[in-house]
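Colleague: Residues in the sequence shown are numbered consecutively from 1, following our numbering.
Take the hints with a grain of salt, since some may be wrong.
List time: in silico DSS-like cross-link candidates among lysine-lysine, alpha-carbon distance up to 25 angstroms [said to hold, decoys possible]:
| no. | residue 1 | residue 2 |
| --- | --- | --- |
| 1 | Lys191 | Lys177 |
| 2 | Lys49 | Lys517 |
| 3 | Lys471 | Lys354 |
| 4 | Lys412 | Lys471 |
| 5 | Lys31 | Lys475 |
| 6 | Lys88 | Lys170 |
| 7 | Lys73 | Lys53 |
| 8 | Lys413 | Lys471 |
| 9 | Lys413 | Lys483 |
| 10 | Lys53 | Lys354 |
| 11 | Lys483 | Lys412 |
| 12 | Lys349 | Lys42 |
| 13 | Lys170 | Lys200 |
| 14 | Lys413 | Lys349 |
| 15 | Lys200 | Lys190 |
| 16 | Lys181 | Lys170 |
| 17 | Lys53 | Lys413 |
| 18 | Lys53 | Lys517 |
| 19 | Lys190 | Lys483 |
| 20 | Lys412 | Lys349 |
| 21 | Lys42 | Lys517 |
| 22 | Lys31 | Lys471 |
| 23 | Lys190 | Lys353 |
| 24 | Lys354 | Lys412 |
| 25 | Lys74 | Lys51 |
| 26 | Lys413 | Lys353 |
| 27 | Lys483 | Lys200 |
| 28 | Lys51 | Lys471 |
| 29 | Lys31 | Lys42 |
| 30 | Lys31 | Lys49 |
| 31 | Lys80 | Lys517 |
| 32 | Lys170 | Lys191 |
| 33 | Lys49 | Lys74 |
| 34 | Lys190 | Lys177 |
| 35 | Lys49 | Lys471 |
| 36 | Lys80 | Lys53 |
| 37 | Lys74 | Lys53 |
| 38 | Lys190 | Lys170 |
| 39 | Lys177 | Lys200 |
| 40 | Lys471 | Lys42 |
It should be emphasised that the hints constitute simulated quantities derived from the structure, not laboratory data.
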Amino acid sequence: MIRKMALTCFIMQVNFILYAQKSNWQHMDLKTDSVFGISTNKAYAELLKDKRKTAVVVAVIDSGIDTTHEDLKKMLWINKNEIPSNGKDDDHNGYVDDIYGWNFVGSENGKEDVTNIAGIKKQFFDSLSYTAVNELYRTEYQCNRKSVKEFKSHLNNAQNLLFDLEERNKIVEQIIKQIGKTNPLSSDFKKYRPANDIEKQICEIIIRYLPYYVDFIQYRQNEINNQITLIKEHIEHGLNIADTTLSIINNDDSDVMGPFTLFPFPGPYHGSHIAGIIGAVRNNGVGMDGIADSVSIMSLRVISSFRELRDKNLADAIRYAVDNGAKIINLSFGKLYTWNKLAVDSAVKYAMKKDVLIVHAAGNDALNLDVNNIYPNPRYEDEGVAQAWIEVGATGPINDSSLIALFSNYGKKNVDVFAPGVQIYSTAPGSTYVSLNGTSMAAPMVAGLATILREYYPTLTALQIKEIIMKSVMKVNHNVNIKELNGHLQSLPFSDLCVSGGIINMYNAIQLANSYK
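Go ahead and model the full structure; you've got the sequences and the hints to work with.
Modeller: The structure is reproduced here in structure tokens:
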């Protein structure tokens, strides 16, 4: 359901009990373990033992990271040129006390600054006449007619989706009353005689997806109730031009016009999970193991507690990451429309010139990205493409028709690779751990692999690392199911769903890297 919304966090919170017993399945090997992991453990055991490595800085641009987490605190980037908490910009980089990174959703001191900007927003939107739009088109913010049309269309779609979900929820309630159970089984829905086509369709969907949940109560909570709550918040805050609770940075009103899009988890929840996938301490007997063993994770926050992502903040975060030594940037978020793409494009071009690899989650919209756009993306507004950019879809552990996660976006031209993104167990705030699903989890798998390559093969360029990752995938030579907009499943060759035609593999990548001079 989330796939119809504009997103800033590519995550699906679904509990697939089928795989719960294998909390580190992403590290397993298909041939040895019969699980479609990326062969992390095999690579360490057979190829990396006693091999020299260098530390690599990876920027996690996201919602922030719990810097006190037991499995992360030793792996965090620390700005050694800055003296903590002295209120001074010791290294003269423009940021005061930026020890672990920076919070771009705040004021000059890095603390979140909530300012009433409703008047500015309302004045802007109320004045969007044809002439005004054409004038705005000439500005650096690229607020053209297409952007305004997409914004209005998106608001209308969100409102329609909310109405549809609420109506379907009422029908579900009627069905379970007729069944006579508060927590019915799949067999109960199979026995039920639908009163009309809508009831029939709803029962078919429940029968298809209920086995992935503990019970019907959990299914309904995740697939219906939670989605209704998320969409309401999205409309009331993310798309409400009169919303007064919107944060800005440095009182800069130049980018207040949006877009304001949904982020399911405020605070460092999402960013901490991603950081753990990349580089949680390995083999310490605590929690879980990350992929990279010599990584310094830089925390750059661009998602506010009011669940918004601004293009300007993203652009600033990318530049900060590059200027402070990051060689890999992980972006596990996106949205269906953009307001200031030129600013982001400029920052991405800067990263490309500095030999930085950008890894981006393809999204959880179940969309073909060859015919649908998400932002950010590697295609520049003024033509051209960011070459050292990897777009990542999500897969599960079983090598059959269910291999690709049904929520994952795909595209033979615009998604590069797939990586594990179902039931991924990783770090969460408060030194806790949780399993989550999404392309948000798949992107840091690739970022972690890229980190390994830069650790052990430091002379490789960003473009070479992308090439190695793409060429070393485990090819999938069978059909897989994708989810169509009507909820039905379509069987397609895996090779039609991404550029590389496969799933990343660390063992293969290291073997291939050995052949590069």
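Colleague: Of the numbered hints stated earlier in the document, which are not met by this structure?
Modeller: Hints 6, 12, 17, 23, 24 and 31 not satisfied by this model.
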